[in-house]
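> What follows is each chain in one-letter form.
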Amino acid sequence: MEEAVGYLAKHDLGIRVLAGGTDLIPSMRQGLFDSEHVLDIRHIGELRGIRPRPGNGVEIGALTTLAFIERADFLRRHYPVLTEAAATVASPLLRNMGTIGGNICLDTRCLWYNQSLTWRKGCGFCIKKDGDLCHVAPGGTKCWAAFSADTPPALLCLNAEVEIASASGVRRMRLSDFYTGEGDAYRKLQANELLTRVFLPESSADYRGVYRKLRIRGSIDYPLAGVAVAMKRSNGYVADARLAITAVNPAPLLVKGVTEMLEGKAVDEALAESVGVLAAKTAKPLTTSALTPEYRREMIRVFTKRAVMAVANGN
Amino acid sequence: MTDFSIIGKPIAMVDAAGKTTGSGKYTDDLNLPGMLVGRILHSPFPHARIKRIDTSRAAALDGVVAIVTGKDAPNPYGILPVGHDEHALALDKVRYVGDNVACVAAIDEATADQALELIDVEYEVLPAYFDPEESMKAEADLIHDNKPHNLEKDYHHVFGDPDKGFADADHVAEARFIANEVTHAAMEPHSTLAQFEIDSQTGKRGRLTVWSSTQVPYYLQHKLSLVLEMPMAQIRVIKPLVGGGFGGKSEVIPLEIIAAIAARAARAPVKITYTREEVFWAHRGRPRTIIDLKTCVKNDGRITAVKARVIQDGGAYCSYGVVTILYSGALLGALYDIPNIQYDGYRVLTNKPACGAMRGHGTVNVRFAFESQLDELAAKINLDPADIRQRNLLQPPCVTVNGLRVQSYGLPECIEKVVERSGWKQRKGKLPRSRGLGIACSHYVSGAANSIIRSDMPHSTVNIKIDRDGGVVVYTGASEIGQGSDTMTAQIAAETLGCSLGRVKIVAADTDLTPIDIGSYSSRVTFMAGNATLRAAEQVKKQIAAAAARKMSCAPEELIFRDDSVFRKNGHVGTAAFGRPAEQGSSASVSGRVEGQILRGSLQQKRKDEGPKDWMTFEEAVVAAIDFHGALTGTGSYAPPPEARGGKHKGGGVGPSPAYSYSAQVAEVSVDEETGEVTVHKVWAAHDCGRALNPVSVEGQIIGSVWMGMGQALTEEMVWKDGMLMNPGLLEYRSPSSVESPEVEPIIVESIDPEGPFGAKECSEGSLAATIPAIANAIYDAVGVRLHEVPFTPERVLAALRAQRGQKKINLTEGIDPTAPAKFREHGGSLWFRGKGPERHPLDPARREGPAEAAGGD
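Which chain is which? The protein sequence lines are A and B, in order. For the first sequence, the numbering used here assigns the number 112 to the initial residue and increments by one for each residue that follows. For the second sequence, the numbering used here assigns the number 2 to the initial residue and increments by one for each residue that follows.
Here chain A stands alone, though its shape is the one from the complex:
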């Protein structure tokens, strides 16, 4: 660890971290990162594994693979929304390599950005890389590339925190503070820092959880829209609930007002529908991916409704 953050401190402008490499390597081939160095952290053993901390929730090392998370009994029993989300990432082969840390840090995506250098020359580049304009929101000065990872909305529902290490020490922050909402500088992680651990609090344990993902193929695809719900019930009424959406904004977002809307109520179709409408209002999809923005927003509504119904009915 010390050695790793040492390297980061030394080359803080020209270094990228390789954990699973499933996104980094294709992106480097497309010339999206022109860093001189790649820091391979795959063999830092202490960052791998799931460690329950009785009374304090659970700690997950950033290098834990998504496949390992998907199969972990402890998580399935106590934090099922994470299990569900992890199981939908890409394909089985990629989950064997991809890590939870990498999924949290995943670069935002856009059809005008995730292309080869030759291709991007053809469109005149864009704000996110090498250019100064946006093709999906012309005239805009903001990058709208969509955050397209599956596990962060689940983690947001669980009030997760992340640990960030650098040569000057370790800090901890709420995951909801980690993302900026900008498509280009999308995360609060300096070039000399490393995301090392994820913490799921005890207070979020044993919530029911559901993740619903819109994609064209049943495997491989990034989400085109995603909805995670975590819910606690008591006597048939909602005691607490949180809902987060992904792939329709430059950051994964907890939908505000969901808790208030559901708390103390028995979930029925109409209630689920109003939660769906609320979530769809939070979604701001643009033409960053396949399927039209209007359709993706509509699916946030439908998927939210279904996820809320499913979680209330115990899947």
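Hints are computed from structural coordinates only; laboratory data are not their basis. It should be emphasised that the depicted structure is a prediction, and the values quoted were computed from it without experimental measurement. Where hints are given, some of them may not hold.
Each computed SDA-like pair below joins lysine to any residue, with the alpha-carbon atoms no more than 20 Å apart [as the list claims (entries may be wrong)]:
#, chain 1, residue 1, chain 2, residue 2
1, B, Lys-810, A, Val-388
2, B, Lys-683, A, Gly-329
3, B, Lys-809, A, Ser-385
4, A, Lys-395, B, Ile-811
5, B, Lys-381, B, Asp-169
6, A, Lys-392, B, Lys-809
7, A, Lys-392, B, Ile-811
Given chain A, put chain B in place with the hints provided.
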């Protein structure tokens, strides 16, 4: 005789283990000493004049050996004689984003890539055309100067009396159908390795050898000769293993010529392998097609006339375009009995990569429209969709109104089989809500009766050599591209000669060694190369029979060749009667050569001295024949018969085939009415392949066709924005994964064609076209919406559902449609880079505020 020993049995492909273990070599696996890597510079503009290319900075880079541009090979070429409009590297103009500008040959890929960045090209950007209907109005800035209105070719055919047909009809359906652009997505990207030899006598540059992933080695040899100005005899093309073609390798692809030019300039072997993005730019896929279709029927369901107006968005070069637009019209015939046909076809040039031939060449999109419309008409007259198809069957043997000769015709049986197996009669209309069944039919040629380059030359020739070792070597120009051509050839040779499969060695697709075969396209190999193999084998067999008959004191006609032995007919059945083991293990696993060497020793001599006998081993018979002739050779060739070559009308050469395959399919789907997602649960697919030479291979082809058709039906689509391909990779271009692959029940129908080898016809393309309309019709059955645009993406389906229910309209589909502007707007890098970009197209959803007014529709 239907008692075959080799054909008709499920047999593993003869090259299967090489592919599954990794020991087989594809082009990119090949390496030569001193080999360089070639990388290509592509145009960032859809339409521009090249004013200047300066390669000096790139040439100065360490490790760069040669840089070639259009000037190094100025001769134009193209797959069709009427379409010589391509240059391997652009000469004066680039015509699509991705067009080829220059090639660097360097010591490694990184150096070559670095050098590409150092090539300075000055362009004069020209207005560009992306929409075919707009492109047809062009007066200036034509894509090719000799093609007014950017019209590659148009055809106007009238067969029978369509006006009378319309007048006689009781019901008419008329609609516009759109099928968006799709590509082959073969697993192996194109790859070519080229090497010039030093002439061993003169020391000058000598012969050229090219290894390439191609379906058409002989066309490649021909085009290389044209561009490089070398005699064909000085060029050797070798086809290593090919990882799928589907039509994408059925013509000469720029890298094949560029590699040769670069090798000539660099004086070293050069290998170029396309990236996946370059494969998308090389393309040659199925064009976006706009079909205005009108079909008329009587109350009893009989079709009286069909009128089709078809516009194909062909991209920047001719490629196979003229053939594609002709197939689209010609293959309206030969499936059903249609007495009157009017066809207007337009192949239009646009500033996008060239479209070409793709599995089901020309027929697929029109078939989607036709089979959908036929279902609509069936609903109008309250007829079961299966019945309306049965009421319009041909009565073969016959010649259709547009001059296509039909002999074997398994369509009625195909329909019966899928109706029976799917439980159509009991289940149609009785499935739960949102679940439905749909039926559709299709057909395809077993090879074109007229070759691209008109001549009387045979389309396939095969040589066979048998020497003293008892090994049968078959030399065929047919190209194995994964479809099983080598296996088919070995099976036919072994069946005819009565020897084991393991004895047959295939030497294929090497222009120095094998006789000319025009290639693996239009599903011609089994029919044509198969017939040539059969004839060559029969010629050799005749020589062996003559010698064996003398030894056995009988007439050659009395002999039977089977199970590696030759015996007399009279009274004996099977080989066990002759006191030798009937089976030599599983015969396929025995090496003929080893056996031969053993036999050449004492045993062989001993049996030779024994005098007349009533059976001989295959080796003995061969040796007996060789004692007379020396090594045995035979040659066979195939040319389609004149009566199968079609009508005399302009364009009548495309469509005729010696035989047609037939297919009928039933698809069962469900539709999620809230999301518009379509799930295909099962497809019953019956295919008439004449005779299944290798049933497991036929089933594989049927399943593959259904799967590929389902990809086009539901998820695959090349998405364009102003000439930029938005999804040039397999992540965003979504071929189905194993997760959404339905169960496919293949049903083989054997109509035994009178002219096919052992009655066989094609089986690799004909099934694809039925899948798309079967799914469309099943969606209609499930939720009552008729979709007119393929693929049926969830947003298109949902838009149609909402329109049907009269729900509030939201603009769900505009964004993914190629909302191409009428004219190219200043688009290229520099201007946009400085923030002086153009306004977005008014229809671009990114510009829209709130819900749009237009219905989603479909």
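> When the hints from earlier in the document are held up against this structure, which numbers fail?
Hint check: nothing fails, all pass.
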